[in-house]
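Student: Residues per chain are reported as follows:
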Amino acid sequence: MSITMDGVELGVEITEKAADKIKYFATKDGVTDNFGLRVAVKGGGCSGMTYDLDITNEERESDKVVEQFGVKVMVDKKSYIYLVGTVLDFSDGLNGKGFVFENPNAKKACGCGTSFSV
Amino acid sequence: MTQNNCRYPREKNLTNHYGWLIPDYYSDPKTEFLAAQNDAVIHDSSYVGRLKATGPDTLDFLNRMSTNQVINLGQGRCVPTILTTDRGRILDLIYVSNTEDNILILTSPGEQQNVITWLDKYTIMEEIEIEDITSATVMITLIGPNCILKLDSLVESDMCSLQPYSTQLVTLADEFVRIIKKPLGDVETIDLLLEPEQLDMVWANLIESGNFQPMGLDAYESFRVERAIPSYSQEMGESYNPLETGLIGSIDFHKGCYIGQEVIARLDSYKKIQKHLVTLLIQGDGQIPEGTELIYNGKFAGKLTSVALNPSNNKLVGLGYINTANAEVGTRFQIDGYELGEVEITGLPQLFGSEEKYPT
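Chains as they are written, first to last, in my numbering: chain L, 1 to 118; chain X, 1 to 360.
Think of the hints as simulated: they come from the structure by calculation, not from any bench.
In this text, all values refer to a predicted model and were calculated from it rather than measured experimentally.
Here are the simulated DSS-like pairs of lysine-lysine, each with C-alpha atoms no more than 27 Å apart in a straight line: (1) Lys121(X) <-> Lys77(L); (2) Lys64(L) <-> Lys121(X); (3) Lys121(X) <-> Lys107(L); (4) Lys17(L) <-> Lys108(L); (5) Lys42(L) <-> Lys255(X); (6) Lys97(L) <-> Lys42(L).
Only chain L is shown next, with the shape it has when bound in the complex (with noise of 0.2 Å):
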């Protein structure tokens, strides 16, 4: 399944209150410039691959990049095939499990929602 904004196809989807607790923590780390929130796959981890978020104001030449909500998003060229599709969220409040993400592609995930397998 794709998701696609204005006809351009999103590695990944990002809520506006995932948007705006980006933007939140940009600002509490001094990045205030041009930043993007970069997500990424890395190997490893309880079910095999762990999300990965970063804040930085770094675009290779190979990412996917969309503008959601005033936040650069990137998707790298080898994270975005697990990645396509999925929805980066926001839980906040007493029982918020912070970003949450919801991937399509995951056949599993581990307890506490940061690692996955497909």
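Dock chain X against chain L, hints included.
Tutor: Frame of chain L; chain X shown alone:
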């Protein structure tokens, strides 16, 4: 090169061990066994898998792929860690050493390509390259209570005060050699990693000047079983999880995620370990094959995984997996198919201790 210090004293008793020609014995298994037990031996361990990993993400990646704390492994340090499957089963027990130039990984014999394939499967954007250097290098292992003292007398570096699980370069017989000091249970061992052209000179020097006794495969197997050192092909692999194999000391229960972590953490928390690796004393003839089932009160209770003759007392010793309910020292079992045979549990080994802390 005399016959005494030659690596191949006799052409007849060489065994092809994982692609390496290793003598079955040099003098006789009993002499070699006793030397390992009481003094110091030198064993050609070139059959152990050796990998070289480079790239800035190596330790971080290995940390997410294995059971022990690897990410903070300092230069000159070594740590045993287990690559586990998503079901918490053993893919391999590896030793990770942080040298000045790269990360050295020792695997079980013959498993180096499986380890590379496994790590490669989960390499996505990490900057890491792994090279199999097994056939391009050789290895000697020094074993025994006096091995450190004897090596210390041959090199300038202080081997006696070197911490366990350390690695460094030393000069031996005018050759630069990498040593890895890593105990196995209560057995002192030091691995020497060499270029092939260094081997004969270093070997001869260790025997002539260091008075090390060469140890062949027969005595090594007996010693391994006696000291409860698990072998990949017999006591490890995907049929077992690390807690069953007595490898809890190589698991860090406080580190972040790794493959299989949830399963291993649950097994430990809820004490759901189904079976245990035990040491056994076997009463029976010498033909009891590995894989033989053990019976308790008429029911299946476990099986033998390794059988060896202790040449110092001519007693049969073994390793085996026994159901948790029956895994207590002193418990006796019948041997399936051997009416007059019996085994008794003599120990529940933990190769790295129950809560090892490794220097980082």
